[in-house]
Structure formats: structure tokens, C-alpha cells
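Undergrad: Start from the sequences and build out the full structure, keeping to the hints where you can.
If you read the sequences in order, they're chains B and A. Heads up: take any position in the first sequence, counting from 1, add 334, and you land on this note's numbering. Heads up: take any position in the second sequence, counting from 1, add 334, and you land on this note's numbering.
It is possible that some hints are incorrect.
Heads up, the list lumps identical chains together, so a pair's fine if it works in one copy or across two of them.
[Said to hold, decoys possible] Only pairs whose alpha carbons sit at most 16 Å apart, straight line, appear in this in silico EDC-like list of lysine to aspartate or glutamate:
# : residue 1 : residue 2
1 : 435       : 365
2 : 446       : 411
3 : 337       : 423
4 : 446       : 487
No lab work stands behind these hints, which were simulated from the structure alone.
There are 2 protein chains.
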Amino acid sequence: MKKETLCLGLLSLGPRSGYEIKQMFEGPLSDFYSLSFGTIYPTLNNLQSNKYVSCKQHTQSKKPDKKVYTITNKGLDLMKSNLLSDAAEYIRSGNFGDQIKSEFFLLVLFSKYLPNEMLDTVMNERVLYLKQKLEQFKYDGPIPSELAALRKEKSIKFIRGLASTLFETGIRYVEKNRYLLKE
Amino acid sequence: MKKETLCLGLLSLGPRSGYEIKQMFEGPLSDFYSLSFGTIYPTLNNLQSNKYVSCKQHTQSKKPDKKVYTITNKGLDLMKSNLLSDAAEYIRSGNFGDQIKSEFFLLVLFSKYLPNEMLDTVMNERVLYLKQKLEQFKYDGPIPSELAALRKEKSIKFIRGLASTLFETGIRYVEKNRYLLKE
DNA sequence: ATTATATATATCAGCCTGATATAGATACGT
DNA sequence: ACGTATCTATATCAGGCTGATATATATAAT
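TA: And the structure:
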């Protein structure tokens, strides 16, 4: 997916600053996608100069200016049209899997050459991480207003459900089978 | 994980050419990690000039020369030592999740703006892909000699089992809940 | 009082990917 | 039999993206 489509898509969920978009990539989106500041800021500037987003400069007392971007109608049109062509490209490419770089899997793959102590640490930290992530995805209590609205979105429900099941399955498997890696 | 560690690790499973290493990344490893030719070939050249791997030039009748690399004892030492420092870095970084770019999840996230027809195609292709992958991971019949040896490795058993369960879970969830994305 | 962490934007070196070049072999349709 | 596409095999490189760094202030922790 083009970075423009993605930034516009996130702004379609509500006005945000570049910093806040980055926070989304480091929080709830971190298991699906990420973009760096070096991509986000130039993309937002580019979208703004082409009127796909508008920008309100919040001169915060003593903090650096916060530039809050809002998607325009023109931007919404571009996003929808881009989304369609991005989906078409996804189909055309025949590449339906995800692009993954998993340090954990590589360490498991070569675990034969790792000291047992280190392997234990790796496994423990991985399980701990998965459990924390699972809690975040399952948690249904009160949260900041804007996120609460997002929760009602069908797509968010679908994704949270899928992520939860996958994390649960992963945790159960690792806890049950990690002994297999030692003899 | 450093590209050198990874290439040495794969060569520790048996002698291979750069092309065959790439094939591993596009086949069984594709859901965990990948490196491009532009990284693999220079890395192998570098490893060779530092005597971490040796190279046998197979002058195939009429095909381009095939350079088959074999890991040396020096290379095996480097790999083990690198593996330990890579694992330590994994722990130190506190980043226990995987680096993922999932076009599929983004399309689901913004599915509200996608025509139903396109969403159906995306879902169908995804499920089809997952089912094919699942078959590959579960399949237990006869395979080329070298792969058969690998199958007996504890780490490979662990990974195949984990991948199978995750794919099964993913398929079941998508088939059961995809209707949620439409009203 | 000092250090570390968080907010906030911006830039950039350097690495990696995706594309392209080269070149013969084999499979495939017609 | 002939053109075409795909596979084997190595190599290079432009361009894009990441991770690091710079800048500046606020707040929390020690």
C-alpha cells in the first residue's frame, strides 16, 4: 500500500499529528505495519501542499508547535481511489502473504547453536510479550474517547478478534512445545 | 540478526549456492524472513574472502557456473558467536515482536471504503493462500533427500508445528468472521 | 539538582529492496 | 518446428526507507 493511502486512511479515522500517527504504528498497529518519521513527515507535507489534507498549527504554550492534519474531501476521494488500485495491485501481484522479518523465528531455527540459558530467556521474553499484546487486544474496559469510537468499527472488531485468537494460539503452542527444542 | 549470521546459519544446514539460499527465502522461510539477491551475493563474496565459507565452482555443461558455498570451521565459529550476540541484542532491545508489513490487514482496516466485490476477492485469495501454505507445512510425505534430513531437526519440527496451528487458526477465523465486515 | 523520559518536528547517511542485465536451458502451446 | 515463457544462475544499482541524530521544552523520577 502506498504511504499516501495509508496516511490518508489513518487521518480518515480522525485528525492527527505526524507524531500521533507514529504512535499508532508503535501501538495498536505495530503487529501489522509501520512507517518511520522519515516517511511520515515528508508524506504529510506533500499531502498538504496538494490539498489532500489541511493543517492546523496548535501553538502549545512552550511545547513545539503541534501540526494537526485533517483529511479534506479531495483527500478522501484520493484515498478511496488509491485503496482500490492498491487492492487491485495486491491481487495482481499474486503475493498474498505478509512481509515478515522475525528475529524470534530465526533464533529458534538456529537454537541448536544457542546456549540453553539464552534460549530460555528468548522464550520467556517472547511469551511475556505475546501475553501483554493479547491483553491489549482483548481488553474491553474504558479507554480515551476517540479510541472508543474506533472500537465500534466492524474492521477493528474483526482485527482485534483475529489478533486475539492468533496470540492465544501462539502462546499455547510455545508453552506446550518449547521443551521440544532441548533434548 | 546480521545478514552474515543468517547466511552462515543456512549454510550450516548444508552447502548451497546463492540462488538456492534465495529459494529458501521464497519457499519455506518466506513467512519468517527474507533477503534479496542484492544482499545475498555480496554477503557470500564477503564471507568467502574472509575464509568463513569455501566455494566450489560447478561448471555446469552449458548453464552458468554454479557457485556452491560450504561453511568452514572458522565460519561455524563466527556463526555461533554472532548468534549469541544477536540473541543478546534481541533481549537488550526489548523488541520481542516481529517486523511485519501486512497488506492484507491494511486492506481489512480500510475495508469500509472498498467495494464489496473487491473485498470478497481479497478474502478469497487470502484464504486460498493460507490453505496452500498450511498444506506445505503439514505435508509429511516423501521429499528430496536433503530436506528430509532437515525435517528431523527439533527446531524445524517446532516451527512446522507452530506455523501449522497459526495458519489453521487464521483460516478458521477468517472463514467464520468475514461476514462481519459487511453489514 | 540532575537525569531520564515524553512531546514534537525535521533531516539524512547508509542499507536494502525491487528492478534490470545477461545468458543458456527447458517446457509449452500451436 | 518455431516462437514464447519460465527456470537456472550471478551480478549490479537507483531509489526508497529506516534508524539515528538534532533541536527544544516539559515533566517525572532519583
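Undergrad: None of the hints should be skipped; say for each whether it holds.
TA: Hint by hint, here is what the structure shows:
1. 435 x 365: both (11 Å within a copy, 8 Å between copies)
2. 446 x 411: The answer is between: 14 Å across copies meets 16 Å, while 53 Å in one copy does not.
3. 337 x 423: within (14 Å within a copy, 30 Å between copies)
4. 446 x 487: So residue 446 and residue 487 pass the 16 Å test across copies only (9 Å; inside, 45 Å).
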